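**Q** Chain residues, written in single-letter form:
Number of protein chains: 2
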Amino acid sequence: MSRPDRTTSTISGRPLGKTELRRIDAWWRAANYLSVGQIYLMGNPLLREPLAPEHVKPRLLGHWGTTPGLNFLYAHLNRAIMARDLDTIYVIGPGHGGPGLVASAWLEGTYSEVYPDITRDADGMRKLFHQFSFPGGIPSHVAPETPGSIHEGGELGYALSHAYGAAFDNPDLVVAAVVGDGEAETGPLATSWHSNKFLDPRRDGAVLPILHLNGYKIANPTVLARIPESELLSLLRGYGHTPYVVSGSDPAEMHQAFAATLDHCLDEIRDIQQEARGSRRKTAARPPWPMIVLRSPKGWTGPKEVDGKRMEGSWRSHQVPFADARGNDAHRAVLDGWLRSYKPEELFGADGAPVPDVAELHPAGDRRMSANPHANGGLLLRDLRMPDFRDYAVEVAVPGTGAVESTRVLGTFLRDVMAANMTSFRLFSPDENSSNRLQDVLEVTDRTWNAETLPDDDHLGVDGRIMEILSEHTVEGWLEGYLLTGRHGLFSCYEAFIHVVDSMFNQHAKWLKVTNGIPWRRPVASLNYLLTSHVWRQDHNGFSHQDPGFIDHVVNKKAGVIRVYLPADANTLLSVADHCLRSRQYVNVIVAGKQPALQYLTMDQAVVHATKGIGIWDWAGTDHGQEPDVVVGCAGDVPTMEALAAVALLRDFFPDLRIRFVNVVDLMRLQSEREHPHGLSDADFDSLFTKDKPVIFAYHGYPWLIHRLTYKRTNHRNLHVRGYKEEGTTTTPFDMAVMNQIDRFNLAMDVIDRVDRLQATSGSAREALKNKLIEHRIHVRAHGEDLPEIREWQWQPADPADPADPAE
Amino acid sequence: MSRPDRTTSTISGRPLGKTELRRIDAWWRAANYLSVGQIYLMGNPLLREPLAPEHVKPRLLGHWGTTPGLNFLYAHLNRAIMARDLDTIYVIGPGHGGPGLVASAWLEGTYSEVYPDITRDADGMRKLFHQFSFPGGIPSHVAPETPGSIHEGGELGYALSHAYGAAFDNPDLVVAAVVGDGEAETGPLATSWHSNKFLDPRRDGAVLPILHLNGYKIANPTVLARIPESELLSLLRGYGHTPYVVSGSDPAEMHQAFAATLDHCLDEIRDIQQEARGSRRKTAARPPWPMIVLRSPKGWTGPKEVDGKRMEGSWRSHQVPFADARGNDAHRAVLDGWLRSYKPEELFGADGAPVPDVAELHPAGDRRMSANPHANGGLLLRDLRMPDFRDYAVEVAVPGTGAVESTRVLGTFLRDVMAANMTSFRLFSPDENSSNRLQDVLEVTDRTWNAETLPDDDHLGVDGRIMEILSEHTVEGWLEGYLLTGRHGLFSCYEAFIHVVDSMFNQHAKWLKVTNGIPWRRPVASLNYLLTSHVWRQDHNGFSHQDPGFIDHVVNKKAGVIRVYLPADANTLLSVADHCLRSRQYVNVIVAGKQPALQYLTMDQAVVHATKGIGIWDWAGTDHGQEPDVVVGCAGDVPTMEALAAVALLRDFFPDLRIRFVNVVDLMRLQSEREHPHGLSDADFDSLFTKDKPVIFAYHGYPWLIHRLTYKRTNHRNLHVRGYKEEGTTTTPFDMAVMNQIDRFNLAMDVIDRVDRLQATSGSAREALKNKLIEHRIHVRAHGEDLPEIREWQWQPADPADPADPAE
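If you read the protein sequences in the order shown, they are chains A and B.
Under this note's numbering, the first residue of the first sequence carries the number 148, and numbering increases by one thereafter.
Under this note's numbering, the first residue of the second sequence carries the number 148, and numbering increases by one thereafter.
Just chain A, same shape as in the assembly (with noise of 0.2 Å):
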């Protein structure tokens, strides 16, 4: 069943005629010609002198196995496209692919648009040609720089995630996605199959999936390939779907084969839609979306045999099938027939341009696949209609007070923004949307459902948009897919387990900064993160859960698109969730907490905070704008929390110490302005810092990280960070705190021991400390709570004649 020598379908009919026939299968070998060419060749393009050494490259790099299947695929639906007037957009897994997906591109004119060097005739083949991976060219993938594509296929895994994100609220849409059969071995693809539970086929458009088998992976068969048929069927069925296989390898039997289940499944596609959408039930049944198994040789149309060994149909085919076809004649003899084979004299003019049988075969315009603005989102974008995030400030009388669970407040915010944008804005996330608080989203619509309800389900509705699966990679992916063309979203996630995308995350600031370089590509939303649930409030699930280090992944991507927020209160988080919504081209990171914890800000002295992104609390500190004898700085709600306590206890010893408190919400403005955007110059670093005095910093994550983005600064040398150093389990949330030693005693004691002047006269205080600790240790074992002061602790303004006066 693997090499499929006889075509086989699940549906019959022979739809092409003469003409159709011969059109599709001259686009086919035009791009399948093409990509060869760029693989191969860096002159002579159109073979129109002998294949010479010279017209090799020295280096031959790319991949050619899987790039007919996907030329074959794109000549198909091309004419399903002008038959329909389909809006359709090509989703390609297998981002080996890339040359075919150029080749495309420049068969339909796309190519020499965006590109106007490479123009669509000899000179602009011979360019094409020879800029594929090659120094300054453009890269062996399907990548930014492929006009189509909203999906690199580099790591591979995502390719339905994406097509579902970009069906979404895109009712006219048809998502063709291939899946590599190495692809759907990952464990991301095994479960975005379940993508069609979320889909409204009222509301949303449609994607159709279509594993491509072609049997062979790196070095290995695929696993999908090599079972029985009737397992990879029940198995497709089992996913939802009613299957369409295409098996074979003759061209002309499988154009007709595979033409005639396009049509099938186009058909299927519209009838749902037209059913469910002249329904006038409120919610539509998850119809058995169609699918189609493609199941066609590697390296399809390649040489059969090069060096006595199977090429095509055999995993050979996976990169450059063959090499050193500069130097060794045979190879290069094999690859002018190859390329001949194709006879590109019939499908090139006298100037290089596709002739006409070729050109005729893709759509006009936007309809052109690599033309159409959903791969290129930023050019559908629209600003979302923003409450004003004020309206929705805490009050905050006396600073360093209250029990305001942060994120809930977000939610408040986060529910009118859905309600007025109720086609362009989702939430995503993994089942912990309400357990991260933003259940008040809920008011103005459900979680997404598109299976069996039951009366006790909480606001289930096909129509919804809370996105929740348990599946961090199928939400990312859904995601990345929503914003790549053209739209907002937000992700909330518990902070450990968001290392399960870290390399999803890899690749979309990969793209982001690659798509800031090319100015055909137009800004889409940012991909925001909200990280709550997070290392100090593991406390009730244990260690598994504690882990702060995504911060640390994020800001080894390129500074240009990554931004970290560490919002301490409600007011501070509103308004950094505002300028993220609102902004372009980055990934935010925003962690904040979801316990009722103090507050900080008014919500005119938090937007001032977090716009500054870093600033004095003068209300906290201890200094009256004199020069401190030591900083106190501090990131994160908990450990402002403990950092301000840490003050309260030393304003108690030591009347006369001088302290400043800095608070630290982007905490990109440590680094230096050099480094990053937000950089702080070292002038302002040294003057909330100081040139010589100790800081002690208190950091929501790995400390470490607060010394890799400051060790360039004057008073590196004091700064001394406490942070999450990896201890951890089941226990209170101020004992978490003690046993990473960022809690308030060892704070407080912290300064004791860098103020040198505190030396001779800190005896008894540095002891009173730790007899608190031990108090608390023996409390926390005998009752299994925090000592109620702890609890309870709330910031006491040192004058208690002027308690109002939080001025920043």
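No wet-lab data here; the hints were simulated from the structure.
Given the structure is predicted, the values throughout are model-derived calculations rather than measurements.
All residues carry an ideal CB built from backbone N, CA and C; glycine is no exception.
One or more of the hints may lead you astray.
Coverage of chain B stretches by chain A, computed from C-beta distances (three or more under 8 Å per stretch; other residues unrestricted) [as the list claims (entries may be wrong)]: (1) 192-206; (2) 535-548; (3) 578-586; (4) 697-707; (5) 806-817.
Fit chain B to the known structure of chain A by using the hints.
**A** For chain B alone, kept in the frame of chain A given last:
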């Protein structure tokens, strides 16, 4: 269907006699009682006095929802183990069910054996309850502290891959693996069902997956519980299983139905194994392994309703079903009734120990799932039989010459390690084993494959020991399961895509850290990563494949369990690999190239160098033992080559410049001995890097990691690091270095810019270097390959008369 009121079962039969039924139910009730007690109580464990507020924990933490189902399965597995003398471990996907596993371990006596303070009597029960989710006690989840577990379950997704890892090479083991329906939505789990294509029924044990549908996650229903049963069964058959469904809620009926089903499945497993093992065929066909779908209510046997809201069978049972049972009398009455519904007076004797009816349901000694040595793999671990790695040495006549694929050399060593350990060592890779140049291992074993094969397939075999599926998650999970049950292995991966398992690494590192503090947990073999196809040699695949950040991710974890090695050549790699394969309880990350590369050290030198982890290469320096003008440091193969080439350039320009050349193999040597067990003392660090001379450091990864590791060192202010700064595309290898300014010309210019005494005289040298860079860029864009003098560059000893003295 999601509310299983009526009991239904694929397999009919009522195999349980009256006594058996009574015992199973008694065990189940006892385990449920103990589970609820752990979540709620801190006193009055046997309810022998009225339940008072002070008996209830003030802070309720834990998860009830999944627990009764896990207890139900435990009881039934115990019956089967006793009836069939099975060797069985229990992998618990739903890690939230911690109290259930603790309860069973206590009932079996294991808990008191490993924690003698927690006796199997009333006093022990009180302590058992008190300690759960209590500060100073045990975590709320299945955790390393839980006897019988190899699987935390905190993150979700890895139950099946861990189970298969445990089953490999354990022919007599039956791994019962519970998959929660929440977990089933994750990508890693969704693809891990295909593990059955990699199991040899003759050589390996069996995995019995039990998909536990209780219908809800935190707040949402689960996908697999809400698709039609026909679709679910189709999906599971598509995964290659024969599914048997047991559905219902009535205990007595469910006991009969489940017992019949479990018997049937275990019979099938036995028949499959007998047939495969009796056959003389070289390969065993892949059988349709049985599996069970258990549909039972979430929070089964818990309160039906609390405060007028449905509880049993609802998502509200997920965590602690109702709060404040201390202060709220009505809630406490519900708790009292709930606990008494299990009839503790029938289950526990006067002393609080389980009555014989309960105690007799568990097997003895090592057959207890909580005491099975496979779940404490260090007990079974044997050293690998190791060939002498020195026998695989590459000859190095002149350092800095040659063209050797380092990982290919490693492959010859691994081949013989494999051959000597054909039941306890495996290689794991996402379809990259040969791409990573470990193909010589194929001389002694195949790639594991139990699906269709075709004539052109390369070294596939049911009994292969190279485990390849295109899922980093699955191979990581297999390897973890294999290691945790007392065996050895190595995971080779493209460097960029190891980020796919960032979060799995986190969990494994946390597991190791915690087990280091548990005396009864015996050390297991280290998890060894070989990262190749690394960032500097992804010039062909492009930007998406370029990411050296896994090291950064790893070093966030506890210093005691992580090690990072960057051997610059084959002999050093051999020495490092030998060390790693012999080690215990670490995660070892080895980064090494697969492309032909220069070799530096003879085997004797390599052994010394790898053992020290860092050292001066005298032959490469120009300081001749004197105080240097500058230190050139390097870590990683490409950076080492570029640093060496920079020295050669500088030597020509400035014959009297004294350069010290320091190479780092063991990255953790850079850190302080106070931070990491491998850390250098400050004195040793200073003696290598000087206290005040400029240090130019060429590092494999993101440059700031070196700053992070060294910011406390005396000479840190003079340290200048080059590394990958997130620039790249499809280009040439040397151009990759240039794009990130880690190339020889930039490094040499860095030296010039930082050595004061060169400033005056260096103008022409700097210009020459800059011109050379420009020449390179012109050449590479014209010819698509690096300048021949760069491609073919080799080290020339300074004194041609003395070429063969590469003394370290």
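**Q** Decide, hint by hint, whether the structure agrees.
**A** Going down the list of hints, with the structure as the test:
Under the rule that three or more residues need a Cβ within less than 8 Å of chain A, the assignment of the stretch 192-206 of chain B holds, with 3 such residues. Here the stretch 535-548 of chain B counts 0 residues with a CB under 8 Å from a CB of chain A, which misses the bar of 3, and the coverage is violated. With a cut-off of 8 Å between beta carbons, the stretch 578-586 of chain B has 5 residues touching chain A; three or more are needed, and the interface restraint holds. With 5 residues bearing a CB less than 8 Å from a CB of chain A, the stretch 697-707 of chain B meets the requirement of three and the coverage assertion stands.
Counting residues of the stretch 806-817 of chain B whose beta carbon lies closer than 8 Å to any beta carbon of chain A gives 0, which falls below the threshold of three, so the coverage claim is violated.
Hints 2 and 5, counting from the list given before, are not met by this structure.
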